[in-house]
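Asker: Spelled out from the first residue to the last, the chains are:
2 protein chains.
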Amino acid sequence: MNAELIAVGTELLLGSTVNSDAAMLSQELSALGIGVYHHTVVGDNPQRLREAIDLAKTRADLIITTGGLGPTYDDLTKTVVAEAFGKQLVFDPESADIIRNYFAQFHRPMTENNLQQAYLPEGCIIFKNDFGTAPACAFEADGTHVIMLPGPPRECMGVFRTKGIPYLATLTDGVIHSRSLRIYGVGESALEMQLRPLMQSLDNPTLAPYAKESEVELRITAKAGTVEAAQAMIAPVEAQVREILGDKIYGTDVADLQSVVVQALKERGKTVSTAESCTGGLVANMITDVAGASAVFSGGFVTYSNQAKTDLLGVPAAMVEEHSAVSAPVAQAMAEGARQRMHSDFALAVTGVAGPDSDERGNPVGLIFVALASAEETQIKKLEFASSRQRVRRMAAMTALDLLRKKLAEMD
Amino acid sequence: MNAELIAVGTELLLGSTVNSDAAMLSQELSALGIGVYHHTVVGDNPQRLREAIDLAKTRADLIITTGGLGPTYDDLTKTVVAEAFGKQLVFDPESADIIRNYFAQFHRPMTENNLQQAYLPEGCIIFKNDFGTAPACAFEADGTHVIMLPGPPRECMGVFRTKGIPYLATLTDGVIHSRSLRIYGVGESALEMQLRPLMQSLDNPTLAPYAKESEVELRITAKAGTVEAAQAMIAPVEAQVREILGDKIYGTDVADLQSVVVQALKERGKTVSTAESCTGGLVANMITDVAGASAVFSGGFVTYSNQAKTDLLGVPAAMVEEHSAVSAPVAQAMAEGARQRMHSDFALAVTGVAGPDSDERGNPVGLIFVALASAEETQIKKLEFASSRQRVRRMAAMTALDLLRKKLAEMD
Numbered sequence: 001m002n003a004e005l006i007a008v009g010t011e012l013l014l015g016s017t018v019n020s021d022a023a024m025l026s027q028e029l030s031a032l033g034i035g036v037y038h039h040t041v042v043g044d045n046p047q048r049l050r051e052a053i054d055l056a057k058t059r060a061d062l063i064i065t066t067g068g069l070g071p072t073y074d075d076l077t078k079t080v081v082a083e084a085f086g087k088q089l090v091f092d093p094e095s096a097d098i099i100r101n102y103f104a105q106f107h108r109p110m111t112e113n114n115l116q117q118a119y120l121p122e123g124c125i126i127f128k129n130d131f132g133t134a135p136a137c138a139f140e141a142d143g144t145h146v147i148m149l150p151g152p153p154r155e156c157m158g159v160f161r162t163k164g165i166p167y168l169a170t171l172t173d174g175v176i177h178s179r180s181l182r183i184y185g186v187g188e189s190a191l192e193m194q195l196r197p198l199m200q201s202l203d204n205p206t207l208a209p210y211a212k213e214s215e216v217e218l219r220i221t222a223k224a225g226t227v228e229a230a231q232a233m234i235a236p237v238e239a240q241v242r243e244i245l246g247d248k249i250y251g252t253d254v255a256d257l258q259s260v261v262v263q264a265l266k267e268r269g270k271t272v273s274t275a276e277s278c279t280g281g282l283v284a285n286m287i288t289d290v291a292g293a294s295a296v297f298s299g300g301f302v303t304y305s306n307q308a309k310t311d312l313l314g315v316p317a318a319m320v321e322e323h324s325a326v327s328a329p330v331a332q333a334m335a336e337g338a339r340q341r342m343h344s345d346f347a348l349a350v351t352g353v354a355g356p357d358s359d360e361r362g363n364p365v366g367l368i369f370v371a372l373a374s375a376e377e378t379q380i381k382k383l384e385f386a387s388s389r390q391r392v393r394r395m396a397a398m399t400a401l402d403l404l405r406k407k408l409a410e411m412d
Numbered sequence: 413m414n415a416e417l418i419a420v421g422t423e424l425l426l427g428s429t430v431n432s433d434a435a436m437l438s439q440e441l442s443a444l445g446i447g448v449y450h451h452t453v454v455g456d457n458p459q460r461l462r463e464a465i466d467l468a469k470t471r472a473d474l475i476i477t478t479g480g481l482g483p484t485y486d487d488l489t490k491t492v493v494a495e496a497f498g499k500q501l502v503f504d505p506e507s508a509d510i511i512r513n514y515f516a517q518f519h520r521p522m523t524e525n526n527l528q529q530a531y532l533p534e535g536c537i538i539f540k541n542d543f544g545t546a547p548a549c550a551f552e553a554d555g556t557h558v559i560m561l562p563g564p565p566r567e568c569m570g571v572f573r574t575k576g577i578p579y580l581a582t583l584t585d586g587v588i589h590s591r592s593l594r595i596y597g598v599g600e601s602a603l604e605m606q607l608r609p610l611m612q613s614l615d616n617p618t619l620a621p622y623a624k625e626s627e628v629e630l631r632i633t634a635k636a637g638t639v640e641a642a643q644a645m646i647a648p649v650e651a652q653v654r655e656i657l658g659d660k661i662y663g664t665d666v667a668d669l670q671s672v673v674v675q676a677l678k679e680r681g682k683t684v685s686t687a688e689s690c691t692g693g694l695v696a697n698m699i700t701d702v703a704g705a706s707a708v709f710s711g712g713f714v715t716y717s718n719q720a721k722t723d724l725l726g727v728p729a730a731m732v733e734e735h736s737a738v739s740a741p742v743a744q745a746m747a748e749g750a751r752q753r754m755h756s757d758f759a760l761a762v763t764g765v766a767g768p769d770s771d772e773r774g775n776p777v778g779l780i781f782v783a784l785a786s787a788e789e790t791q792i793k794k795l796e797f798a799s800s801r802q803r804v805r806r807m808a809a810m811t812a813l814d815l816l817r818k819k820l821a822e823m824d
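The listed protein sequences correspond, in order, to chains B and R. Heads up: the first sequence runs through residues 1 to 412, numbered per the numbering used here. Heads up: the second sequence runs through residues 413 to 824, numbered per the numbering used here.
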């Protein structure tokens, strides 16, 4: 089975939006064993969209459109796709109710144009959208399978993962099953060098690295008759990977590093607090992004100024003067100050220079100290990243969380 | 003149690379008055690339390819493009010297396949690549202009800006100029309802809304002979939009809401601090995402537990007991406590239920109180968003920043 992705949206042709849906869907399709041969982007233009669909029908078994399902007059994907396959759009009262409820839930008035989203091609399978208002759908006609997904990346991927993948699984025989190992602290190319002999020796299952924001995902994918058979094929490969990467693997089939840390704290009945300078609340924000974090996180400090480090965390002003705010002693004093004031088992502290400029003491961009205080000791880690402000902040926060993850793992 | 962008690379179809070249080139082309009607992506496959070029020849005045100019066997763009236009590839000794020097400069041995990059279509204009080894080029044939650019984004944009734009400037008349109004606090569909009569009455300039994460961008775009003439056409439309939307417009041609707030604080010599419960540091993190935020942001508190609200911000335990932590009095006490402890001009506080579950006092998911404390008064805003945890947190943080933006605007 081969697929073509057609993205619809003038904002893509103006360059104000990057077609990240195409990349995300391509990864997922490739993991399902479906080859993607073309990505096409057209604007909110019915004629050019129609031509793109007519062309895709001649060369693809599966067409996935993204975008143009919304309530406004330039949202024309369903109309044009239905026409191209000789189908009528019919009103789906259930989708209309869901849209009405969505607005009611927000206590927002619903404008009538929103109900346009409830018109769907006759005979299609409706994919309820739990991530927004526009329902997605799939149908088969003229020997081609068609899936229409919303454009906003969160909705596109949410609907594809929860509804699109199960739909596609019914079209292929056997199953494709993946296991995702999440890795922090080693780059994609270095990882590939380490794993290349293993990767090249494999055919089914396959082993492939995917670079994510400041980390790498390693996916082991097997094709087999049943999920159990696929799992049995994956297990020995995973064992070999673990042999090579050891504790660089922070989790398997998990959402992210912060979820792993929150879960590990919960299991051990421990709490953490934070004291952040250059990360400006990012560590606290990542922890509290995890539902249920309140059981393990009592609070944190964002001490951006030196005054705040002294007033709120008790870092001696003389220490800041002597060593500068970006130093190991200050990181240590911040972590210990936060732990004491928040009465938590652990405290994480980050101080550094996120950029774009070096600080007034001449510390370079990307110099970071991360500290982890516990009852017994305070560990300190010095980092040097030459990168953008956003990336430096992100890497510093990830390093802090990873330090706590390893500490908790050692407790077992 | 209209353009089609053809990206060549299997890594794009596997989703391991996002086609950011297409977005960047589209922005540049649109600024030059060249409409982009199609983006196409094909893999390192000569037949499918040839088909894409043959199709583009029938519908575009300008074809820009990205990728496939490098030294390895799968770099086939020049060969296939030259064939499609009946041209020979000829060896360019000057390009070969540049490639040899490039390797010498980095003290790296050059493998022979690198010289493949010095073969270019006969009669083309060579774009020397100051950002890598593969030279780019342009030619005109069969009434179509063709530009071939390298794939890596830094090389692609570097060569396009320094060589491609001057080349295209000789081919076109007129410019396209846009102005971007950023709006918080009104949804895309509601916005369109309000603006539809105006949008429909316009032809040049055009007016179009784009939904972004929890906000809307409204873009006014004019085609004219010069940038000044386009600006003069945009101004009266902007005035009409401002009449309708008023202070819902938080900025024009700006990066984001937090940049506007940081800039406004800087201009007025004012500082802000934060006290966050359900947003868990997101407001602080958004503010400190702006380079130079340290001039206006001294620090913040993440008081996730009730104990932390009392210990760190001085919220009376009896008040929490009586009204619950998610209440107007607690939001007010948090903001006032933070302002006093951080010695800042303003303080923002957020308390609420981010979900996924209602809190132990039965407050529903999405119930939020935002407070803004200043020397004269404390404003409190109650919000109800029923949405995902991430979205509730994001909307609460945006609302807090927007409250401060409006307060600062009132000071003028």
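Possibly wrong hints are sitting among the right ones.
Claimed, not checked - Below, a list of computed lysine-lysine pairs in the DSS-like style, where the Cα atoms sit at most 27 Å apart: (1) R:K635 / R:K682; (2) B:K128 / R:K818; (3) B:K87 / B:K128; (4) B:K212 / R:K624; (5) R:K794 / R:K818; (6) R:K469 / R:K624; (7) R:K469 / B:K57; (8) R:K819 / R:K660; (9) B:K248 / B:K266.
Stated by the list, open to error - Covered stretches of chain B (chain R as the covering partner; in silico rule of three or more C-beta atoms under 8 Å from a C-beta of chain R): (10) 17-27; (11) 101-108; (12) 159-173; (13) 287-296; (14) 303-310.
Please keep in mind that the hints were generated in silico from the structure rather than gathered at the bench. Just so you know, even glycine gets a beta-carbon here, dropped at the ideal spot from N, CA and C.
Asker: Hint by hint, say whether it matches the structure.
Answerer: To see whether the hints hold, each was checked on the structure:
no.: 1; hint: R:K635 / R:K682; verdict: violated (41 Å)
no.: 2; hint: B:K128 / R:K818; verdict: violated (38 Å)
no.: 3; hint: B:K87 / B:K128; verdict: holds (20 Å)
no.: 4; hint: B:K212 / R:K624; verdict: holds (22 Å)
no.: 5; hint: R:K794 / R:K818; verdict: holds (16 Å)
no.: 6; hint: R:K469 / R:K624; verdict: violated (34 Å)
no.: 7; hint: R:K469 / B:K57; verdict: holds (21 Å)
no.: 8; hint: R:K819 / R:K660; verdict: holds (13 Å)
no.: 9; hint: B:K248 / B:K266; verdict: holds (22 Å)
no.: 10; hint: 17-27; verdict: holds (count 10)
no.: 11; hint: 101-108; verdict: holds (count 4)
no.: 12; hint: 159-173; verdict: violated (count 0)
no.: 13; hint: 287-296; verdict: holds (count 6)
no.: 14; hint: 303-310; verdict: holds (count 5)
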